[in-house]
Every structure is written in structure tokens, then in C-alpha cells.
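Quick note, the sequences are listed as chains A and B, same order. In terms of numbering that gives the first Met the number 0, the first sequence has 312 at position 313, counting the first letter as 1, and numbering is strictly consecutive. In terms of numbering that gives the first Met the number 0, the second sequence has 107 at position 108, counting the first letter as 1, and numbering is strictly consecutive.
Think of the hints as simulated: they come from the structure by calculation, not from any bench. Even glycine gets a Cβ: it sits at the ideal position worked out from N, Cα and C. Some clues are possibly wrong.
No farther apart than 27 Å at their CA atoms in a straight line, the calculated lysine-lysine pairs in the DSS-like style are these [as the list claims (entries may be wrong)]:
1. Lys86(B) / Lys240(A)
2. Lys87(B) / Lys114(A)
3. Lys98(A) / Lys86(B)
4. Lys96(B) / Lys114(A)
5. Lys92(B) / Lys240(A)
6. Lys86(B) / Lys247(A)
7. Lys240(A) / Lys251(A)
8. Lys240(A) / Lys96(B)
9. Lys96(B) / Lys98(A)
10. Lys114(A) / Lys92(B)
11. Lys42(B) / Lys98(A)
12. Lys240(A) / Lys87(B)
13. Lys86(B) / Lys114(A)
14. Lys87(B) / Lys98(A)
To be clear about the criterion: a stretch of chain B counts as covered by chain A if any three or more of its residues have a C-beta under 8 Å from a C-beta of chain A, and this derived list gives those stretches [what the hints assert, rightly or not]:
15. 26-35
16. 43-56
17. 82-96
Just a few of them, taken from the derived set where beta-carbon distance is under 10 Å, the chain A residues facing chain B [stated by the list, open to error]:
18. Ile245
19. Pro248
20. Val249
21. Pro250
22. Leu335
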Amino acid sequence: MSLSSPFTVKDSLTLLSIGDLSSLELTDHFLSKIEENESAIHAFITPTPELARRMAKQADQKRAQLKKNDETIPPLLGLPMAIKDVLCVEGIRATCGSKILEDFVPPFNATAVQKLLDAGIVVLGKTNTDEFAMGSSTENSAYGVTHNPWDIDRVPGGSSGGSAAAVAAKFAPAALGTDTGGSVRQPASFCGVSGLKPTYGRVSRYGLIAYGSSLDSLGVLAGNVEDVETIFRLMAGFDEKDATSIDKPVPKQGCAEDVSIKGLRIGVPEEYFITGMQPAVERKVREAISVFESLGAEIEVTSLPHTQYALPVYYLIAPAEASANLARYDGVRFGLRATNEDLISMFTQSRGFGFGPEVKRRIMLGTYALSAGYYEAYYGQAQKVRTLIKQDFEKAFERVDAIAAPVAPTTAFRIGGHGDDPLAMYLEDVFTLPANLAGVPGLAFPVGFDQEQLPIGMQLMGNHFDERTLFRLAHAYQQSTDWHLQFPLV
Amino acid sequence: MQTENHNHHEADQIDIIPCMSLTLQEVEHIAQLARLQLTDEEKALYQQQLSDILDHVAQLQQLDTSDIPPTSSVLPPRTMLREDHPKKGLEPKQALKNSASKEKDQFRVPPVLD
Numbered sequence: 000m001s002l003s004s005p006f007t008v009k010d011s012l013t014l015l016s017i018g019d020l021s022s023l024e025l026t027d028h029f030l031s032k033i034e035e036n037e038s039a040i041h042a043f044i045t046p047t048p049e050l051a052r053r054m055a056k057q058a059d060q061k062r063a064q065l066k067k068n069d070e071t072i073p074p075l076l077g078l079p080m081a082i083k084d085v086l087c088v089e090g091i092r093a094t095c096g097s098k099i100l101e102d103f104v105p106p107f108n109a110t111a112v113q114k115l116l117d118a119g120i121v122v123l124g125k126t127n128t129d130e131f132a133m134g135s136s137t138e139n140s141a142y143g144v145t146h147n148p149w150d151i152d153r154v155p156g157g158s159s160g161g162s163a164a165a166v167a168a169k170f171a172p173a174a175l176g177t178d179t180g181g182s183v184r185q186p187a188s189f190c191g192v193s194g195l196k197p198t199y200g201r202v203s204r205y206g207l208i209a210y211g212s213s214l215d216s217l218g219v220l221a222g223n224v225e226d227v228e229t230i231f232r233l234m235a236g237f238d239e240k241d242a243t244s245i246d247k248p249v250p251k252q253g254c255a256e257d258v259s260i261k262g263l264r265i266g267v268p269e270e271y272f273i274t275g276m277q278p279a280v281e282r283k284v285r286e287a288i289s290v291f292e293s294l295g296a297e298i299e300v301t302s303l304p305h306t307q308y309a310l311p312v313y314y315l316i317a318p319a320e321a322s323a324n325l326a327r328y329d330g331v332r333f334g335l336r337a338t339n340e341d342l343i344s345m346f347t348q349s350r351g352f353g354f355g356p357e358v359k360r361r362i363m364l365g366t367y368a369l370s371a372g373y374y375e376a377y378y379g380q381a382q383k384v385r386t387l388i389k390q391d392f393e394k395a396f397e398r399v400d401a402i403a404a405p406v407a408p409t410t411a412f413r414i415g416g417h418g419d420d421p422l423a424m425y426l427e428d429v430f431t432l433p434a435n436l437a438g439v440p441g442l443a444f445p446v447g448f449d450q451e452q453l454p455i456g457m458q459l460m461g462n463h464f465d466e467r468t469l470f471r472l473a474h475a476y477q478q479s480t481d482w483h484l485q486f487p488l489v
Numbered sequence: 000m001q002t003e004n005h006n007h008h009e010a011d012q013i014d015i016i017p018c019m020s021l022t023l024q025e026v027e028h029i030a031q032l033a034r035l036q037l038t039d040e041e042k043a044l045y046q047q048q049l050s051d052i053l054d055h056v057a058q059l060q061q062l063d064t065s066d067i068p069p070t071s072s073v074l075p076p077r078t079m080l081r082e083d084h085p086k087k088g089l090e091p092k093q094a095l096k097n098s099a100s101k102e103k104d105q106f107r108v109p110p111v112l113d
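The task is simple: from the sequences and hints, build the whole structure.
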């Protein structure tokens, strides 16, 4: 047994399958890491160590049984994972980082979670998130701030900051996240791990507690892109419980089986290298692009001319959708009920007391953008500009196979660094929002560090349903670099 | 800050939406539409913050979109219907489990009509 190495999905699965390690031993290994460092990181809202041990024991029994009968072993049997707390796992409370769902225990599993449970995962716990996934720092959680394992005075990014920190701190080999405007990619970048936002419709959103329904996607974070792909392929696919999921075959072949990237064309959009971005970020991303070139990819300058409008478009469309989605928190069927005085007070007080400041701000903004007299000028215009942003990508992908860009203009900022300035916080999302508006996949992975040893990430964006090209490229990059092998000393 | 923003955008703007500054009454009206109880401090804060954000998003008015169709979904237009077979859903007990107040397999709420 060698517990020093297995922090990747691949290593863990290898050790489990050759019988060098039981799931219980592996699970205990991660639980002891959590116990040791969770007080400094606070990656979890609800850790589930007892459940994890129980599931691990069952996985070990199942493996023995299946082996004895010479039956197929589920691909992730006994693999511990962490799950963002906006996803429903039956019997474990799902708070969404909000007081309003403090006691909400879902009576069903999200489809993606169900698929991974069927594949054999062990649940280590539910990870911290900005309230209802609204935020870029995980500071908007009602359950405390998550700290970046590279520097505990800094944010892990958000909203999947708990999941990213859990992977970086080696609390889990992989974690589920969600990405509505960058919430997988940006925390992956800030924490130096790899993370995928799949094509919209690729992974079922059933059981993902809704924020912006035309933008929400369910992704994975792990230590390297091969691990991300392993998990992604098992949760992708059509689901009749989600009318926006798409029936497209998931490629059978993984990135590791297709190493050459010779001749693949990568576009570099100049709109993503803006004045005001941290110089080290631009330098490292451009260095990574030259690595791709040296591996045989063809690099060309491309243009996504409406990039600057993604921020205002997103901050109209997402709050508008949120204001409608969050209307369900009325104190009746689930969630906090503040008073039984009268019906209207029950609504207004439950919501006024249960929601935090950023959620209220976005509900207010969205309500305004959808209100009579303003609908066309705000929401309507944003939907039209969204078309222009989408067309930018369509045009670019006529010429290139992938688009390379930074994930965020800076590395991880200090906790409290953006004070009470929501616009400054929104600007953190400027490079991640376009992929959500266009519905295209984006894969983030580490490409170096700044002067303060904080990780820098880049993202590859691909055509609809072409996650495979992104995995091929990023895997080739990780085969010839070692940024993804560097972890913080927590 | 607000004044600066106004000057900054002035030159480029078409006048559909002038530089935005919400009144306190408007903030109260939105909160009422959204069924949100806000404190006086929150109202004042949101009045200023929402005005700043609306100011920022007003740059969308620069673009001529008269010939551009809106995007409400990135998916190709289609109708999703499944076979109409009855299926088991949640048991009443499970469905009611998360409610703050229930009675005889039903959600209990304050009187709707007096």
C-alpha cells in the first residue's frame, strides 16, 4: 500500500483495482487530510465522514462480491469525491450556501450524482459555495469563507470555491462543481487545479438547484484533465428529466489514447488580453500557447469582437433568470419560513431574512430588468447582444478548433479585497462569461505561478459538444509540463 | 463614483435609457415586486449599487440590434415531449418532509382569504 501517491483519480482507481488499497483505506486517507487541515481551509459546508466510511465499506464488499462472480466492476467503485452544495444528494442537506435552505434535505439525487453513485463513488461531503452560486470568491456563503490552500489569506475563487480548495488541499481526488458564469473555471484557476465547464445541455441539470437556467452547467474539478475527463464522461448524456439535456453520444475514446495534437488549430483572441490585467497572467498564458505551438498545434490570432459586452449581458440575463428561479423560496414547500402572521409577510420576511446580500441584489436587479417598461430595453437588448456573442464563437470556430485565453485577469485576490463593490467583483468574471452565454465548453488548467506563488490558469474553449478536442490539447500540455503536479503545502 | 460613470458613458449613449439613478421609491417598488423585505440600510445600499450596475449595463445601448434576433437558449429550437406514461413520483410524506408546516398530507399556510 502506498498512500503517499494516490491523490489523483487515476492512481486511486489503479490501486483499488489491483487490490493494493481498499476503498475504506483510501477514504480514511482523504478523511484524515480533511481532519488535519479543514479548520484552516473550510472547504466543506457539510462533511459526511460517517457516510463516507459506510459507503467505502459497501464498495469494498461489492468489489469482493463482483470479483468472486467474475462480474464487471463499476468504473469508479470506491472512489471518494466531494460534491458542491448546490447539487442534490438524497438524504444529505443541500444548503446552496444559503440560510434559506439551512434544513433542506433533498428527497432525490441529481441525475449527475445518481450516475456517479451508480459508477461507485463515495461521498466525502458537500462543499462550500457562494450563496446560490452567485459570486466569484465563495465569500458570499452563509456558512463562512473558504480559504485558498496556496495562501489562506486569499479567496479560492467562486462559486465552486469549496470544491476547488478541496482538490488543491488533497481532501478529495475530484469534486463536482457548477459553472453559470465561470464558477468551475475561475476557482480551478485560483487554486491551481483543472476544471471543466461542459457544453450547455451535455450534462443533465436535474437536481442542480437552479440559478440561471439558460446558463447553468454542471462540471468537474480534479488534479489533472485526464481525471476530469474520466468523471465527465460518466455523468454526461441525455436525461429525460431535463428537457435541455441533449442526446449526443459521449466519445468513447479518452484523451490519453490520442496524444498527438499536430495540426490542431488554436485561436488566440486579442480581446482577452486587456490593459489592466495582471502582467504575469498574460505572460504565463502566452508561454503556454507557445508550448502548444511546440507540440505541433497551429496558433493564429482570432477575434471575438463582442467580448466586452459579455459582462453587461450576463449581469442582466443571469439575475433575470435568478429572480424567476428563486421565486420558489416562499416558505411554503421547503426552506425557511420566518413567520405565519399572514401570507405576504410570510413571503417577504422569509425571503428578506433567508437570502444574503448578493442574492437579494441579483433578485432586485433581475426583477427590475424584467419589469414593465424596462423589459425590452434591458432584458430584450441583452438577449440580442447575446446572439452577437454567440455568433462571434460560431465565426471563430469556422477557422479554429479551440480558443485559448486566460481564465481571469488576476490571480487569487485577498479575502475582503473587493469590499462592498459588486461591480469590481463582477469584473473578475470578464473572461469566463462568454462561454456560458454562447453555451460552449471551457476547460481550465494551471500554466504557472505569479511572483507570489499563486497559481495562474488558462482556459481552452471549444465548439459545442467538442469537449474532446479540449481534453486532447490540455492533456498533451500536461504531458509535457508539470504545473498540474504542484500542490500547496497546506 | 456615480458622477464619473455618468460622464464616462455619456458620449456613446443612445438616449433610450438615460444614465440611471434609481429613486428610493423605485427600489421599494422592485422589492415589493420581488416579495423581499428590506431594511432601510439595505434600501439605501441597493439604491446606490443598482444605479451603478444599471449605469454599467447601459453600454449595451451603443449596439444597433434592430436586425438581431434574441437568444433565449443556445440550444437549437425543438419540442421536447416524452411518452405520456404514468410514473411514480415522490410519496406525499417525502414531498412534505421539508415543509415548515403541514397538516394531513398538505402544506399549511396562513389564511389566503379572510
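Hints and how they fare:
1. Taking the CA atoms of Lys86(B) and Lys240(A), the gap is about 12 Å. The hint holds against a cut of 27 Å.
2. For the hint linking Lys87(B) to Lys114(A), the alpha-carbon distance of about 20 Å falls within 27 Å, and the restraint holds.
3. The suggested pairing of Lys98(A) with Lys86(B) is violated, with an alpha-carbon distance near 33 Å, which exceeds 27 Å.
4. Using a Cα cut-off of 27 Å, the hinted pair Lys96(B) and Lys114(A) holds, with the two alpha carbons roughly 25 Å apart.
5. Pair hint Lys92(B) plus Lys240(A) holds up; C-alpha atoms about 22 Å apart against a cutoff of 27 Å.
6. In summary, the hint linking Lys86(B) to Lys247(A) is supported, as the alpha carbons are separated by about 25 Å, within the 27 Å threshold.
7. The hinted pair formed by Lys240(A) and Lys251(A) meets the criterion: a straight-line CA distance of about 24 Å does not exceed 27 Å.
8. For a cut-off of 27 Å, the pair hint linking Lys240(A) to Lys96(B) stands: about 22 Å separates their Cα positions.
9. Simply put, Lys96(B) and Lys98(A) have alpha-carbon atoms about 18 Å apart, close enough for the 27 Å limit, and the pair holds.
10. With a C-alpha separation of about 25 Å, the suggested pairing of Lys114(A) with Lys92(B) holds against the 27 Å cut-off.
11. A hinted pair counts as satisfied when its Cα atoms are at most 27 Å apart, and Lys42(B) with Lys98(A) qualifies at roughly 20 Å.
12. In summary, the hint linking Lys240(A) to Lys87(B) is supported, as the alpha carbons are separated by about 13 Å, within the 27 Å threshold.
13. For the hint linking Lys86(B) to Lys114(A), the alpha-carbon distance of about 20 Å falls within 27 Å, and the restraint holds.
14. Proximity of Lys87(B) to Lys98(A) is assessed by CA-CA distance (about 31 Å); at most 27 Å being required, the pair is judged violated.
15. Chain A is given as covering the region 26-35 of chain B, and this holds because 7 residues of the stretch bring a CB closer than 8 Å to a CB of that chain, at least three being needed.
16. Look at the region 43-56 of chain B against chain A: 9 of its residues bring a Cβ nearer than 8 Å to a Cβ of that chain, three or more, so the hint holds.
17. A count of 4 residues in the region 82-96 of chain B with a Cβ less than 8 Å from any Cβ of chain A is obtained; the coverage claim is therefore met, three being the minimum.
18. Residue-level restraint check for Ile245(A) holds (minimum Cβ-Cβ distance to chain B is 7 Å; threshold 10 Å).
19. A hinted interface residue such as Pro248(A) counts as satisfied when its beta carbon comes closer than 10 Å to some beta carbon of chain B; here the least separation is about 17 Å, so the hint is violated.
20. Restraint check, Val249(A) versus chain B: the minimum CB separation of about 17 Å is more than 10 Å; hint violated.
21. A distance limit of 10 Å between C-beta atoms decides the matter here; for Pro250(A) the minimum to chain B is near 20 Å, and the interface restraint is violated.
22. Because the closest C-beta pair between Leu335(A) and chain B is about 7 Å apart, less than 10 Å, the hint holds.
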